[in-house]
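Could you build all of it, start to finish, from the sequences and the hints given here?
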Amino acid sequence: MIEMFQPDFMQRAFLAAVLVGVTAPSIGIYLVQRRQALMGDGIGHVALTGVGLGFLFQANPMWTAVLVCVLGAVVMELVRARGNQRGDIALAMLFYGGMAGGKLLVSMSSQSGAGSLESYLWGSILFVSPGDLAVIGLLAAVVLAVTVGLRRQLFAVCQDEEFARVTGLPVRVLNLLLAVMAAVTVTVAMRVVGLLLVSALMVVPVAAAQQLTRSFAATQATAIGVGVVTALLGVGTSYQADLPSGPTIVFLAILTFALFSVVAAPLARRRHRASAEHGPAVCDVALPDGTAGSSPGGPGTAGGPVAVLEGTEPVRAPAGTAVDAPLSGESLSSRGLAQ
Amino acid sequence: MSAVTATADSDRPRPSSPEDAGSAVVGLRGAVATVGGRPVLRGVDLTVRPGEVVALLGANGSGKSTTVKSVIGSVPLDRGSLELFGRPYRKFRDWHRIGYVPQRTTAAGGVPATVREVVSTGRLPQHRLLPFRRKDRAAVDRALSAVGMLDRAGDGVAHLSGGQHQRVLIARALVGVPDLLIMDEPMAGVDVDSQQVLADILRTEVERGCAVLLVLHELGPLEPLIDRAVVLRDGCVAHDGPPPRGVGQHALPGHDHVHPHADDHHRTTQGLLA
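From first to last, the protein sequence lines stand for chains A and B.
In terms of my numbering, the first sequence is residues 1 to 339.
In terms of my numbering, the second sequence is residues 1 to 274.
If you are wondering where the hints come from, they were derived from the structure by calculation, not from laboratory data.
If you're wondering where the values come from, they're calculated on a predicted model, not measured in any experiment.
Watch out, some of these pointers could steer you wrong.
Claimed, not checked - Stretches of chain A that chain B covers, calculated by requiring three or more beta carbons in the stretch to come under 8 Å of a beta carbon on chain B:
1) 20 to 33
2) 191 to 202
As the list claims (entries may be wrong) - Calculated from the model, a selection of chain B residues having no Cβ within reach of chain A, i.e. all distances over 10 Å:
3) R93
4) R137
5) A138
6) R203
7) T204
Backbone N, C-alpha and C define an ideal beta-carbon position, used for all residues, glycine too.
This is the structure we're talking about:
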């Protein structure tokens with residue numbers, strides 16, 4: 001057990017895992033909040049061209065990837081901000097162009113070993129060089145400074161862009177900043193999780209965390225916790241069982257999501273029991289609550305848990321649980337990249 | 001400035017005229033705007049003076065919401081001019097003087113957020129890049145208790161009813177103590193009791209001297225508060241003057257007959273400041 005902390009490359013891998021576990025969810029939460037959960041995936045595709053350019057010009061693929069990702073993310077943000085009806089087509093062009101361009105460039109380069117490209121696609125802990133670690137650390141610091149330092153501003157912009165504009169926030173600048181930070185995060189996470197699964201570490205810890213939380217701050221903190229723990233466990237398991245690190249980490253994160261989902265229902269029930277003790281106000285709010293609870297919940301998702309709980313707690317449980325349950329579904333099915 | 005105050009305090013509000021646009025809270029002149037290539041506003045004039053309550057009425061698609069969105073700058077004008085608090089839009093920086101209540105659908109994000117977190121975003125013009133301090137927190141508490149939602153501060157916004165949700169959005173707009181409140185369909189999807197609560201909240205703000213620009217589908221319980229109504233039809237102003245009772249209550253298609261306290265409200269239509 002201890003010996004896996006001995007080799008230098010493993011120490012670097014663990015350190016990189018911690019950095020990725022912190023940065024990916026801390027930026028991912030804003031994308032999920034804005035219902036752009038799959039934006040990271042798109043940037044990951046575009047990053048491949050950056051890696052290809054690095055191969056071709058024998059430069060460090062980390063830096064070329066940062067450059068191309070930032071460009072791609074800015075284009076995506078501009079397409080989104082224009083609210084164009086054909087925006088999703090433009091994004092599709094960008095994603096697949098990035099993917100195809102990457103593979104073509106790698107094939108053209110002299111070091112076109114299939115293995116090295118594979119390591120960028122799926123992540124490989126063996127290849128985190130000291131130079132890579134320095135770049136990852138630097139970029140992670142920048143991302144964290146922005147996502148934590150401008151927490152309130154970014155929250156406002158992602159929660160309600162129009163309102164944020166009326167508070168006088170530079171909405172366009174903040175949106176671009178967010179896109180650039182997402183792009184930088186993709187490059188940070190690329191070595192450890194791989195480009196194809198980068199987005200998972202931005203989204204899945206957030207989705208898992210919000211099974212249990214009610215506030216944005218708590219969701220962000222829990223998501224970062226989930227990100228760090230799964231990244232560390234994933235790297236450890238990857239070493240022990242000789243598995244690629246990216247898929248292992250993502251699989252563990254999804255497992256956490258499933259676990260939290262199971263815990264969520266009893267937890268919500270207890271919360272509602274606690275809030276029901278507040279007193280006589282229960283009957284007053286039950287009527288409007290009941291009507292609102294059924295409307296925001298998606299059809300189908302709200303039905304199951306409500307039906308089960310209705311027998312046990314007729315007063316409060318239906319309204320609360322109906323809203324609790326579809327939250328996860330909402331965020332996962334939120335693929336409005338172009339919106 | 002004094003002439004404007006006199007206008008606001010006078011019994012009968014007059015239709016807007018271009019001359020006093022300079023000192024008005026909102027001065028929209030000849031606004032032409034397109035949304036998705038379709039002309040929505042074809043030369044709308046809209047003036048809101050300090051302390052005045054103006055309702056924007058009209059059928060669906062008449063350009064009410066677009067007018068409001070062009071006032072806050074989120075729909076750019078193709079032609080025409082916009083002044084806020086006497087300053088051209090491009091030079092306007094005093095955003096803390098404006099409280100905006102959007103249509104309710106825009107408030108829930110993909111991540112849970114508490115009532116307090118949402119309301120706190122209304123305080124951004126005050127603390128800007130500085131940390132959120134005790135006085136900001138106190139302002140949030142005040143706004144929450146003004147709308148009667150302080151006891152729900154820690155609850156998730158997704159768990160609220162329509163009326164409660166609307167109150168949260170109003171608290172978010174009130175937290176900066178604005179001089180102009182802009183509300184887009186505040187009564188949509190709100191039950192009768194909450195409508196009355198909203199009307200009471202609004203009355204308190206108007207008494208404080210806050211100007212209000214409201215998009216409404218029907219006047220409802222807000223009728224006694226409204227000084228002036230601007231009715232839009234196909235992107236043009238069809239009426240600017242005292243609230244036409246026929247338009248607000250009965251003439252629009254698809255209206256609900258919501259008259260919670262019919263006796264009180266139909267007696268006085270002059271406006272609260274009278």
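A quick look at each hint next to the structure:
With 3 residues carrying a beta carbon less than 8 Å from a beta carbon of chain B, the stretch 20 to 33 of chain A meets the three-residue requirement, and the given coverage holds. Check result for the stretch 191 to 202 of chain A against chain B: violated, 0 residues qualifying (beta carbon to beta carbon below 8 Å, three or more required). The Cβ of R93 (chain B) does not lie farther than 10 Å from every Cβ of chain A; its closest approach is about 7 Å, which violates its non-interface assignment. Non-interface status of R137 (chain B) relative to chain A is upheld: no Cβ of that chain comes within 10 Å, the nearest being about 13 Å off.
Listed as a non-interface residue, A138 (chain B) keeps its Cβ farther than 10 Å from every Cβ of chain A; the least gap is roughly 17 Å. Against chain A, the non-interface label of R203 (chain B) holds: every CB pair exceeds 10 Å, the least being about 21 Å. Against chain A, the non-interface label of T204 (chain B) holds: every CB pair exceeds 10 Å, the least being about 21 Å.
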